[in-house]
Amino acid sequence: MFRFIVRRLLQLIPTLFGLSLLLFIWLRRLPGGPETAILGERGTPEMRAAIRRSMGLDEPILVQYGRFVRRLIRLDLGTSTSTKRSVVSEFLERFPGTVELTVTALVIAIGVGIPLGYLAARRRGRLLDHLSVGGSLIGICIPVFFLAYVLKAIFSENLGWFPSSGRQDPTIDATRITNFFVLDGIMTREWDAAADAIWHLVLPGLALASIPLAIIVRITRASVLEVLNEDFVRTAEAKGLTERTVRRRHVLRNSLLPVVTSIGLLTGGLLSGAVLTETVFAFTGIGAFIYDAINQRDYPVLMGFILIIAVVYVLVNLLVDLSYSLIDPRVRVR
Amino acid sequence: MALLDVDDLSVTFARRGQRTVHAVDGVSFSVDAGEVVGLVGESGCGKSVTSLAIMGLLPKQPGTRVGGKAVFDGTDLLQLDDRSRRDIRGRDVAMIFQDPLSSLNPVIPIGLQVTEVLARHRGMKGAAAEKEAAALLDRVGIPDPTRRLKEYPHQLSGGMRQRALIAMAVACRPRLLIADEPTTALDVTIQAQILELLKELVRDSGTALVMITHDLGVVAGMCDTINVLYAGRVVETARRRPLFREPRHPYTVGLLGSVPRLDAGRGERLTPIPGSVRDVLPWPDGCAFAPRCSRRVDACVGEPPALVLAHDGRSYRCVNPAPLPGMTPAEEIRGAVPTDATPGSVPAQAVPNDPPAVPGLGPAPREEDARD
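First to last, the sequence lines map onto chains A and B. Letter by letter, the first sequence follows residues 1 to 334 in full-length UniProt numbering. Letter by letter, the second sequence follows residues 1 to 372 in full-length UniProt numbering.
Isolated chain B, as found in the complex (with noise of 0.2 angstroms):
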């Protein structure tokens, strides 16, 4: 069984006088332990929704609305009572938030704020607190961790910043850590650290992680199984090197057109998709991407595409895919799954000769590959 197990999660704000957003829309995908996962999308799709849903941090207003079901670990986060929330929190699932500086607490110390989670969950206190922090700074590459306690998040740079919630992420080696776009604020070389170091973290402790992202070069440098996601929903669901190489739905293959390539030829120009998030069409009258779709064909309209169970695992919501070469459609297709059907339910498989982004690390192979 799956870690974390997300099952039509829904997520809508509903404010008087005002149209409800249904920022989430159906969401589903499993991780496994030890496993990353990606949910890629652009700006708006709903991936950081999902994951504050996940976590119970949504902001507490009302007309807001969650549904669906995220069960971790056999029980679903979503009908914890607060308690109970707060337990698991930092515990078994935490997460690290996208722009450091403001998600440090400005006024008090690095080290309190590292060893306030220890004092919460582990018991800890006093020296024994502070020496455990020490190590957790020293883990996440801080030099000169004792000194960096005693210090304030202003005076660290962004990329130690970003290591010190790292530090508190994992201060109690939680099962599932989740990464909100935690590269988003800062410089590539910086950028190109962090990850290293979320994917040391993870490999050496059998953290599942799942890194939330619209950047595609963090998705193929780090995660197992991807989700693309669109207007609330899971659009693709594939291990990294199949979707890579042949993305199938329009909108996978438009987001991975439109990232610039050094190998391109000269003069060769970028392949934006066209329009933009706020083009969609609602999710019960047709797919949700028709409207920007280059593949767009009758059926797109009318009712939601179904999710296909297709050739190596891998599922998508589209009538109309990209061909694959030298696969007729009735050969690749495995099966149909009705619209309501939950996709995840319907997993990426590990696919032949296709390691794991993280080297040591990901879901153990199944048969057909010990086969190979």
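Same shape as in the complex, but just chain A (with noise of 0.2 angstroms):
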């Protein structure tokens, strides 16, 4: 198990060399640099040859590129040539907030996934199952910001349910730890402000929530219903062990192998796809800065960015291999 870990943490090594080498020459040779963007469309040429040789731009790509790892061992991402802040800091600011976003996503995604594409399964073929088909297929093909809006008109702004905009009410006086909002909330004692956090997560997670809980619904319930045709389900019934157990400890168990492995997958998705959710809900993560990011063509907060996502993607799919382990003895890990 000790073992298994590190080979995966030292694969990530050259994993990440390669992703990052890939990332720089391609965000070079996009139109355009951050002198554009800082200068708009008057600079004289001479003032952004002399900026680009301030941020050492004007070098060749690859002792660039060697300067960047050089930085990078020392775990240094830089600075934003737009906000002029530490690639790091702003990362921590934002990001908490992505990954609040993301489990609130995935939690109802999960939740609610599981037990209906169960169910599904179960009354395969009457109406509960024709409804989360369909409905599953609705949940994939509507677009996520399109969904977003809608939930925001109907619950926020009609209804006044819940909030249209933001991680928490300015009002609230909160203590920030973390800048887990949540988390904060709880590890202080501030109650009202864990509560009213939360409540900012519900429209933007159910939003995100979409099409993971479509895709989760599609799996568990083709699962469930391979497995039910299994022959240890018939030695189960043949056992005379109850319909509980036979459910719970030879179908569910089963089934949930390869829900698994698509929750690790999704995941991935929803950290690097919140982009929209956040826009339409004014929600502080990290996707409508990197979407500024590009438009500014601010090189070391996209590389410091993406590089991040992609060691927080592997890690969550080391989790999941992990807890694949666990279900299913044959792929214990050595």
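In case anyone wonders, no lab produced these hints; they're calculated from the structure. Hints are not guaranteed to be accurate.
As the list claims (entries may be wrong) - So the derived label-pair ranges between C-beta atoms look like this: (1) B:Pro260 / A:Leu326: 35 to 45 angstroms; (2) A:Ala195 / B:Asp138: 53 to 63 angstroms; (3) A:Val107 / B:Gly74: 47 to 57 angstroms; (4) B:Ala128 / A:Thr188: 43 to 53 angstroms; (5) B:Lys69 / A:Ala222: 34 to 44 angstroms; (6) B:Asp81 / A:Asn229: 15 to 25 angstroms; (7) B:Gly275 / A:Ala222: 34 to 44 angstroms; (8) A:Asn229 / B:Asp285: 31 to 41 angstroms; (9) B:Pro260 / A:Arg126: 30 to 40 angstroms; (10) A:Arg330 / B:Arg122: 23 to 33 angstroms.
Said to hold, decoys possible - Some chain A residues flagged as far from chain B (calculated, every beta-carbon gap over 12 angstroms): (11) Thr79; (12) Phe145; (13) Gly264; (14) Val314.
None of these values were measured; they are calculated from a predicted model. We put the beta carbon where it would ideally sit given N, CA and C, even for glycine.
Build the complex: two chains, separate frames, hints provided.
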């Protein structure tokens, strides 16, 4: 187990180098550069060249990359060219919001998706099955930002049940420790702050959950249907076990294997894909910041954020693999 | 009275837009306490469906119809509600399946798969259940049972897995054990071991065993009474010796003739049954085996052959059976019963000088035997 984790973490190093090299080259191939963002259309060629020189962008690309790697080894991701703050502190300020949103979406998707998929399989061909299969198709098809606007219009603007934007009511004087607002509220026992932060997560979480929810429903349903036909379920029935035991111990547990894998993959998509939802709900996460960074050609921010997301993604999937081996002894890692 | 009386059991699968399949079409047989009964036939003859129907384990799909009776110890298993059926399954009637790997849950340890039966039917929990489970594994010949309890199916060999399945089946000392091709997925040497184990268990506990197989070797080594199935019906019922010595139904003759023999002459060819199971005549139109039969006569087609109760207490459904040497048909036929008669009511009887297949086991000798 320990060796497996170490090996996977070591594998991360070449992956990161490969990814960073590709990114580095791609980003610099984008037309325009930070000097355009800073000077606008009016800058003279001389001014542009001066800025490029001051940022070291006039040097050969491999020299630039070498400098980037040397700093990276010291865990220094540089300074944002647009906000002039360190990339790491920008990240630490914004990433917790995205994580909270992702976790909310996952909790909704898993908490609703697995039971719904399971019930749909048990009631195959009945109304609930058709509703959940049809509903999941709609869930996959509706663009997230559209759903986000609809949710916001109905539940926030019309009914006023949920706040329409932000991560927390600005009138609440909350103490910040980790920038995970919910966690901070719990740690400082500022329960109203935690509750308000959760309240702010509901609508964006729902919007973001729609696609993963639909996928989980479908995978769970297909998987349960497959497991129901397995010989060992028949053996369990032949033992005279109660229906409850057969379902829980024999059907559900085996059905979860493919679902767990898909959750790992979905998590990565959620972490980097919350841009639109974050924009609609003016939610301070990494999404909108990355979008701005692309427009500003803010190379350090883009490099840093994308690399950290890659690391998180790999870690999440490592976690999924580990949990997989807990569920299925046949893939025990060594 | 017999322990299990299967009477005119029928199973049909109907699917919209497809022809209704009569998988089991009036099967009748009976099993006495402590008896080993074989259900023999080619793939598709309805043996497995018969056993699943008795156990109530047929997939619950619309269009599946089960008819007839399966009376176990006075209760018709087919009429029971789901709950009472679950009470009987695993406790009074247990089953062993064909493929031991896929029949075990891959993600939970062997131990739990054994103790869950003990917990369900014998109310055993915790350490007591663990201890009993280890004793059961030991009983079925799994070495180092305490360690094996913690292992998962994929860590066991094929033979061990089948032993574990057998341990689960006999955990509550059932009175009837149904084994559906229990050795088909195993190596020949392991097959022999598993059959020995089954014999031993049956002898020690007095459990009746229904052995479902296509393997006549298994039948010859184990079964007291043999029912030969064809196209969803029992075509011949006989005790072991007479069946192998003088098969009467042409299908039984064909089955025996297609088994390779070591004592056959050099260059002698196997005699397979021509055609395949798909070339059947629907039973109401005559004998289902007629299209493949070498002894076919005109009377085979038109109406289903009557059940004939014959010499030695055997019965068969055939209008032109293989002849018995030194006996005219009139002498050997005790009586014919109408087509709608239930073959279960005509059980094979013990025959003089025919010891049970498993020594010390089998139905009590009847009066005629006692005179010898």
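For which of the previously enumerated hints does the structure constitute a violation, in increasing order of number? 1 and 9
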